[in-house]
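Chains as they are written, first to last, in the working numbering: chain S, 1 to 77; chain V, 1 to 293.
Calculated from the structure, these hints are not laboratory results. Yeah, the Cβ is synthetic: ideal placement off N, Cα and C, and Gly gets one too. Check the hints yourself; a few may be wrong.
[Unchecked claim] Part of the chain V face toward chain S, derived, beta carbon under 8 Å:
(1) N49
(2) D150
(3) H202
(4) M205
[Said to hold, decoys possible] If you want the ones that stay clear, here's a sample from chain S, every Cβ over 10 Å from chain V, calculated:
(5) P7
(6) T9
(7) D15
(8) K23
(9) V36
(10) S40
(11) D41
(12) G44
(13) K49
(14) P64
(15) T65
(16) G66
(17) N71
(18) I72
(19) L76
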Amino acid sequence: MPIAHTPTTVPVIVDEAKCIADKGCTVCVDVCPLDVLRISDLTGKAYMKYDECWYCMPCETDCPTGAVTVNIPYLLR
Amino acid sequence: MMQEFYNELQSGKGPVFLKLNHLHSDTVGKIEAVLHNVERPSRGRFHENRGTNYRERMIEMHISEIGFCSGHSASGVYVDEFARTTVPGLYAAGDMASVPHNYMLGAFTNGAVAGEHAAEFAANVDLPDYDPGDVAREQARVLAPTRREDGIPPNQLEYKTRRFVNDYLQPPKVTAKMKIGQARFAEIREDMGSAMVVRDAHELMRSLEVASILDCADMAAFASLFRTESRWGLYHHRVEYPEKNDDEWFCHSILRKQNGQMTAEKRPVAPYVVPIEESERSAYDRQRIRQHA
Numbered sequence: 001m002p003i004a005h006t007p008t009t010v011p012v013i014v015d016e017a018k019c020i021a022d023k024g025c026t027v028c029v030d031v032c033p034l035d036v037l038r039i040s041d042l043t044g045k046a047y048m049k050y051d052e053c054w055y056c057m058p059c060e061t062d063c064p065t066g067a068v069t070v071n072i073p074y075l076l077r
Numbered sequence: 001m002m003q004e005f006y007n008e009l010q011s012g013k014g015p016v017f018l019k020l021n022h023l024h025s026d027t028v029g030k031i032e033a034v035l036h037n038v039e040r041p042s043r044g045r046f047h048e049n050r051g052t053n054y055r056e057r058m059i060e061m062h063i064s065e066i067g068f069c070s071g072h073s074a075s076g077v078y079v080d081e082f083a084r085t086t087v088p089g090l091y092a093a094g095d096m097a098s099v100p101h102n103y104m105l106g107a108f109t110n111g112a113v114a115g116e117h118a119a120e121f122a123a124n125v126d127l128p129d130y131d132p133g134d135v136a137r138e139q140a141r142v143l144a145p146t147r148r149e150d151g152i153p154p155n156q157l158e159y160k161t162r163r164f165v166n167d168y169l170q171p172p173k174v175t176a177k178m179k180i181g182q183a184r185f186a187e188i189r190e191d192m193g194s195a196m197v198v199r200d201a202h203e204l205m206r207s208l209e210v211a212s213i214l215d216c217a218d219m220a221a222f223a224s225l226f227r228t229e230s231r232w233g234l235y236h237h238r239v240e241y242p243e244k245n246d247d248e249w250f251c252h253s254i255l256r257k258q259n260g261q262m263t264a265e266k267r268p269v270a271p272y273v274v275p276i277e278e279s280e281r282s283a284y285d286r287q288r289i290r291q292h293a
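Pulled out of the complex, with its shape left as it was, chain S reads as follows:
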C-alpha cells in the first residue's frame, strides 16, 4: 500500500545564510536526541527531516552560528 506524506510546519528552522554545515559542521545533527536533523545533499545545509521533535532545544543552544531556531508548533500553541 502506498505511504502518504502529511504536511506539517516543522518546528526546527535553519537560517541557511548562517548555517556552516557545508564547511563540515554537524553539531545540531549530533546533539539531537531524536535523530531528526540531517544535512541536505542539495544545499549542504542542516534541515529537519523527520517531524518527531521534543522541543528540547540543544540544536538551537549549541549551534555555533545561531542558525537554528526551535518554534513551538501550531498544534501546541
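Starting from the known structure of chain S, arrange chain V on it as the hints suggest.
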C-alpha cells in the same frame, strides 16, 4: 497530587490553575528559572507564544504538568544501588531502570555509577563464547522490516500502541479495560512481526523503539493486573481493589519471560541504603487530601 487534580477535573470544578501572581516578581523569576530552564526548556517560549505570564494571572495547568522534576515512578529493569541488574555483568541506567524517572541529572548520575561499576566488572572478566546462531537470529529479527517492500510504518504502530495505553491502561485502572488493551497489543504485536516496513536507518531505529514501547505497554498491563491493591494515589488506582494493602503488597512486582510467556512474582523491598525515620515512611499518605474542601 495527581489524584486530587483528577478529582477536581472529574467533579466539574476544573480547570485547575497555577497561581503565582500573588508573589513578588523576583520570586516568580526564580520559579520560572526552574520551570523554564531545568524542567522544560521550551516552556518559556510556549508561554511567550500564548501571551501568558505568571506575574499577571493564574495559568491553566494540564494534569500531566504537575509532575515536576526530581523523579516519578520507579518501574523498569530491576537494579541495585550500583545499577546492576539480576543478570551478572548486565547494567541498566536511566529511565529504563527501576530508579526515579524523568530528570536528566538523575539519569546522568545513574549512568556514571553504572559505567564505573561495569568497567570494573569488565576488566576482570573475559568475553565468553557465544552462539553465532543467536547473532544471526537477532540480525534477522532486527532487519526484517528492511526486507519488506510494503507494509505498516513504525510510527503508525507506535501511535496505535500509545493510543491504547492512553485509552485502556490509564488510571483509574479497570480490569476489563486492561484486558481489552492486552488483546489489542497482541494484534499490534502480530502486525509488527509480519508487516512493519522501514525505508531508512532512522525508521529502522524507530522500529526497534516501537518494539520496546509495545513491550512496556504489555508489561504495564500485566503488572497492573498482578497487583490486587491500589497505591500511589491516581497512578495505581485499581477500581476493583481501592485500598492500599501493605501486608501483601509492600514489595516489587517482578516480571519475567519464561518459556516465551510473561510471568509475575513478588520481590521484597531491599533494606534502605540511607536509613529513614519510621515517621517518614507514612509521609506520602499523610500529605494526601482526604476530605473535599
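Tested hints:
1. Restraint check, V:N49 versus chain S: the minimum CB separation of about 5 Å is within 8 Å; hint holds.
2. Checking V:D150 against chain S by beta carbon gives a least distance of about 6 Å; that is within 8 Å, so the hint holds.
3. Here the hint on V:H202 is kept, as its CB sits about 6 Å from the closest CB of chain S, short of 8 Å.
4. Hint status for V:M205: holds, given a least beta-carbon distance of 6 Å to chain S, under 8 Å.
5. Here S:P7 stays apart from chain V, with its beta-carbon at least about 15 Å from theirs, past the 10 Å limit.
6. Against chain V, the non-interface label of S:T9 holds: every CB pair exceeds 10 Å, the least being about 13 Å.
7. Separation of S:D15 from chain V is adequate, the least Cβ-Cβ distance of about 17 Å exceeding the 10 Å criterion.
8. Every CB of chain V lies more than 10 Å from the CB of S:K23, the least distance being 24 Å, so the non-interface label holds.
9. The Cβ of S:V36 sits about 8 Å from the closest Cβ of chain V, inside the 10 Å cut-off, so the non-interface label is violated.
10. The non-interface label for S:S40 is consistent with chain V: the shortest C-beta to C-beta separation is roughly 15 Å, beyond 10 Å.
11. Distance to chain V confirms S:D41 as a non-interface residue, since its nearest Cβ pair spans about 13 Å, more than 10 Å.
12. No Cβ of chain V comes within 10 Å of the Cβ of S:G44; the nearest lies about 20 Å off, and the non-interface call holds.
13. With a least beta-carbon separation of about 8 Å from chain V, S:K49 fails to lie farther than 10 Å from that chain, contradicting its non-interface assignment.
14. The claim that S:P64 is not at the interface with chain V holds, since no C-beta of that chain comes within 10 Å of its own (minimum 19 Å).
15. Consistency note on S:T65: stated as away from chain V, and its beta-carbon is indeed over 10 Å from all of that chain's, at 20 Å minimum.
16. Listed as outside the interface, S:G66 is consistent with that label: its C-beta sits roughly 16 Å from the nearest C-beta of chain V, beyond the 10 Å cut-off.
17. Chain V draws S:N71 into its interface by the beta-carbon criterion, the shortest separation being 8 Å against a cut-off of 10 Å.
18. A beta-carbon of chain V comes within 10 Å of the beta-carbon of S:I72; the shortest separation is about 5 Å.
19. Chain V draws S:L76 into its interface by the beta-carbon criterion, the shortest separation being 7 Å against a cut-off of 10 Å.
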